[in-house]
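**Q** Please model the entire structure based on the sequences and the hints provided.
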Amino acid sequence: MRMLLMGNPNVGKSVVFSRLTGARVISSNYPGTTVSFTRGYVHIGDQRVEVIDVPGTYTLNPTCKAEEVAVQMLDEAKPDDVVVDVVDSTKLERNLNLTLQLLERGIPMIVALNMWDDAKHKGINIDVQKLEELLGIPVVPTVAVSSEGLRTLVERIHEAVAGDMEPHDVPDRWAHIGDIVTHVQELQHRHHTFLELLEEMSIKPITGLPMAAVVVYLAFKIVRFIGEGLIGYVFDPIFNSLYAPLLMKLSAKMGGSGFLHDVVVGKIINGEIDFTQSFGLLSTGFYVPLAMVFPYVMAFYAILGVMEDFGYIPRLAVLMDNVMHRVGLHGQAIVPTILGLGCTVPGALASRILETRREKFITLTLLAIAVPCTAQTAVIVGLVGKRGGQYLFLVYGILAFLWLAMGLILNKIIKGESPEMLLEIPSYHIPPFVPLMKKLWLRMSGFLKDAVPFMLAGIVLMNIFFTTGLVDLTARVLSPVLTRMMGLPKTVVVALMMGFLRKDVAVGMLAPLGLTTKQLVTATTVLSIYFPCIAAFVVLLKELGIKDMAKSAGIMLSLAIIVGSLINLFWRV
Amino acid sequence: MRISLANMKPGQTGVVVEVLAGHGMVNRLEAMGLRLCKRVRKVSSMLMRGPIVVEVDGFQIAVGHRMASRIIVEIFVE
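Heads up: the sequence lines are chains G and B, in that order.
Position in the first sequence counted from 1, then plus 9, gives you my numbering.
Quick note: the second sequence, position 9, residue 5 per my numbering, numbers continuous.
Calculated from the structure, these hints are not laboratory results.
Do not take every clue at face value.
Said to hold, decoys possible - With a straight-line Cα cutoff of 25 Å, these simulated BS3-like cross-link-like pairs (lysine-lysine) come out:
#1 G:74 x G:556
#2 B:5 x G:129
#3 G:87 x G:74
#4 G:395 x G:499
#5 G:395 x G:276
#6 G:213 x B:34
#7 B:34 x G:131
#8 G:551 x G:424
#9 G:499 x G:276
#10 G:258 x G:276
#11 B:5 x G:213
#12 G:213 x G:131
**A** Shown next, in the form of structure tokens:
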């Protein structure tokens, strides 16, 4: 037996899933957080039952990739599988449309009437027993965020039966649903709450646009505040006062120089360890991911988590829809873009909510070219920021310009239109603290598992590349482009090679190269544009297919060369 | 009075009487809860033909402008 969690988008399937299985998955307050299925297990008696978190869908006629996955899961269901239809109690009528379609399929089913507490707050009363009678399957009220009712749901799972609903045609089905709803649902009048007032204000242009500007500005400010605070008051003191003396002792024991010393501890610069430039496994290898990148990544995801769970992101999508249409996208493409500011991988996966191949291509190409991930940004801030804020502004100004310009161009040259927006706007919720922290922890542990090993591997590889002469060879091949056109020293080749591994590592590699400010700006910009890191590349390839990926990569590489050369050409020192 | 969703003023309420769209679009709108005989309240419209936000059954949906101009609503006259 398997349990398939199915239902409309944003009804809390992923919350039910993680509560049932203990498996950690990302859940947020907007439609389309889950774009692929996740498996987990729950013990019922002495039986170990597989639970599958299926992406949300409004109907069984899919309109995008994520919905296709849902329908495919259903088609592949075995006769002893049970569908747990998660229903948003506050949107009963619309949710029942899918419930009835599922019932018509004749699969054993049970309904979880989720967000039961919300329904009560909104003055919606649902007669559960009557609903059970009318549907002919068990119905259990649940509040997944607090695990309420989930035990009952699991206990009653064996009562799940296949409905004996005849297939309806569409108008009949709606008539049937209307019938059910009038029998089981009662609405009470009540006054609007403050959150509802805020909902309206944030979607009306006259109040919503200024609010959006404030929200985005504050988000950046807070991310910087947390990030800089953590670095300045926590990580730098730890590394400089506690860790550096220990490393110096080790360095002395290892003789202070030599190949092994330099790989393990790093080069001693002016009699000291310079955490950004020494480039040893134990110095830079830990400093960059932990003290430079981690604080910003954590700050970013802390703020993103709040915005996601509060329900703000879809409103931003509506407000941004106009701008997004100019670049051939629609507002919903803001979701992959915002996630991409964190990391390209989840950003690229989120593009599955987009309907057309054209839209996916534009979103993902822009994402890869002009949306640097937080890890990369952290190192850019660390290195370029040291030379002056205006240079930081220049790098991001160029990238923002590229995003807009490339979007306009791609929108012109790729045939087809961008589809229109049709998006559900979730209610605002004050996000409870514990789930927020769990989500943050999930994302941060994922980051640490990737970032530290990649940085360490990067340092070892860099040393190998240098000693084997591979760097010289590649540099010689690339020198016409690199040196003549972009004005970069040939050592930058190492960073370009590492960029395939991880972007933050690559930007970090620029530190010990002794670049001028102009070269540093050119190199960081080129590193952002030229190619995605390996993790992002794999996902992009999967989402785009070989042909579109090749086109996209072609755009990235040529754009990197053009932009690098232009900076070199127009920047006179 | 019959006007399209796009031409409604924010705050106005009405009933959907006609959807001038193909089968696929009608199905998608229906699945989102927007269909004939539904009472809708227009919440807002973005500047420059941006998406329209309407409230149906107590929740909000954003609909592209072109699509919204093909959803015809009978306005309640107060």
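**Q** Run the structure past the numbered hints and jot down the numbers of the failing ones, going up.
**A** 2
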